[in-house]
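Peer 1: The chain contents come next:
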Amino acid sequence: MMRTIRIGSGAGYSGDRIEPAVELAEKGDIQYLVFECLGERTVALAQQARMKDPDSGYDPLLEERMRAVLAACAASGIKIVTNMGAANPAAAATKTAEIARSLGLSSLKIAAVIGDDVLDACRERDLPIMEFEGSIGLLGNRLLSANAYLGAEPIAVALGGGADIVITGRASDPALFLAPMIDAFGWAMNDWNRLGQGTVAGHLLECAGQVTGGYFADPPYKDVPDLARLGFPIGEVGEDGSLVITKVEGSGGAVTARTCKEQLLYEVHDPRQYLQPDVVADFSQVTVEEIGRDRVRISGGRGTRRTGTLKVSIGYLDGYIGEGQISYAGAGALARGQLALKIVRERLKLTGVAAGEWRFDLIGVDALHGANLSAKACEPYEVRVRVTGRTESLREAVRIGNEVETLYTNGPAGGGGAWKSAREVVAVGSVLLPRELAKPSILFIGG
Amino acid sequence: MKLREIAHSRTGDKGDTSNISVIAYDAGYYPLLLKQVTSERVRAHFAGVVDGDVVRYELPNISALNFVITKALGGGVTRSLALDGHGKSLSSALLDLEIDAAADT
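If you read the sequences in order, they're chains V and W. The opening residue of the first sequence carries number 0 in numbering that gives the first Met the number 0; numbering runs sequentially from there. The opening residue of the second sequence carries number 0 in numbering that gives the first Met the number 0; numbering runs sequentially from there.
With the rest of the complex left out, here is chain V (with noise of 0.2 Å):
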């Protein structure tokens, strides 16, 4: 009989909710959890907060999603994969055999895979940034991090060296859940299709609810049953690379043919080259069949050689954003609203506060698809100004939000909730490493 795995997916995000974790380690009939918590920008922020203490740098939520499954895990043998560690994975694993002694569970194996850090080797070649003209040594002392994507393979290697526990920094976010099925059914690092089908198992199951209801609920078009108990995904792979996506019984939303496929596209360009580490994977062929209630089966994906070269997630100082808020409603309320802006505007010229971009919206009308869109929308009961601008200093930002607050006195009738703020901008680019100067390796703690 073909062998199958279940892998469940325990977090889309870093801020993503706990109990649905612990509702699949408890009762999901999983043999892997996997966290993916590292957003785009979340590394740079993490290595910020590593250079002010170096036991730090991982993600804030480590100790409260570890201590809310590590018992029922230990308890059924459920190997946890997570990104968590984001800039420090070695401190995330100390951290976590720390949590695990204090519950008790101190026979368990902790690996960190290291090396997805390669801020020197792209200062030395100075690479080119696929977002914009101009190369790293640009950013020069504003470039804070770069991590490579690094791939299944250390991942695979640390659970066949035992772990019961995987802690990664930047890692490709499918890649987290081809390990598990590397480990279990021991395919090739060649094995292209196989890897190519592995990966769309895990890019419909890296943002966990996402592919079972959240994020899809249109109503009266598209309804989903108890969103506020939503379920989280499980992945039930054969050794083939066959998959059926699908959710603990009695959790809430729904996994159906639909959610699969909007998820399928999700953050996809061309569906014939996803980008990983490990492989091109090719989604084009992918069908999507339902089989039973919250059972999809998916098939078809493929999968051709992995490229040369490393997409590298680099983090730099961008300036500072200032912003500020305020509120009109009832009759007349969008008049007042357009004079506010009008004000602020002129505010803003005759003050001389320099910033090299700026938007001038109002929420409720225009704030999120323009001019155009909103054209022929009717006048709303209730209007809220925002006003935001890039500047080079914090003392620049700071300025934009009080010529808004300042509109509680000085601007039209009946303006309420004002609000500011000024924020210094870590922004992300990408460049393309290759592949043999990411030098990944593995650190085992406890057990």
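Hints were generated in silico from the structure; no laboratory data involved. Quick reminder that beta carbons are idealized off the backbone N, C-alpha and C, glycines included. Just so you know, not all the hints are guaranteed correct.
If you want the footprint, here are the derived chain W segments under chain V, 3+ residues with CB under 8 Å [to be verified]:
# : stretch
1 : 10-21
2 : 59-70
3 : 76-84
4 : 88-98
Using the hints provided, position chain W relative to the given structure of chain V.
Peer 2: Showing chain W alone in chain V's frame:
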């Protein structure tokens, strides 16, 4: 009728590029999507919202189109001044597109 009557949609973002899927509720509507939801119409629909090119990919197996739009997100979510820096709400705007149900596909 609106595109919303025959298709659903989801937006994703990578850097300054947005992708918007358009998925037929029923495979029978797919030819209508192919014919009427063109790159040109999508670009025109989002005039003033996005600045870049629109490329369309076709996925007949799942009766879906995937639109990839560059320079769509004010530089990307990490640096955008926009309220919705991810562009998550763009899919709902696209579903407002007018479709001629009587047209010959």
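Peer 1: Okay, the stretch 59-70 of chain W and chain V, do three or more residues pass the C-beta test at under 8 Å?
Peer 2: With 5 residues close enough to chain V, the hint holds.
Peer 1: Between the stretch 10-21 of chain W and chain V, are there enough contacts, at least three residues with CB-CB distance under 8 Å, for the coverage claim to hold?
Peer 2: Answer holds; 8 residues pass the 8 Å Cβ test.
Peer 1: With a cut-off of 8 Å between beta carbons, are at least three residues of the stretch 88-98 of chain W near chain V?
Peer 2: With 5 residues close enough to chain V, the hint holds.
Peer 1: Using C-beta distances, would you say chain V covers the stretch 76-84 of chain W, given that this needs three or more residues below 8 Å?
Peer 2: Coverage by chain V holds here, the residue count being 7 at a Cβ distance below 8 Å.
Consistency with the previously given hints is maintained throughout, with no hint failing.
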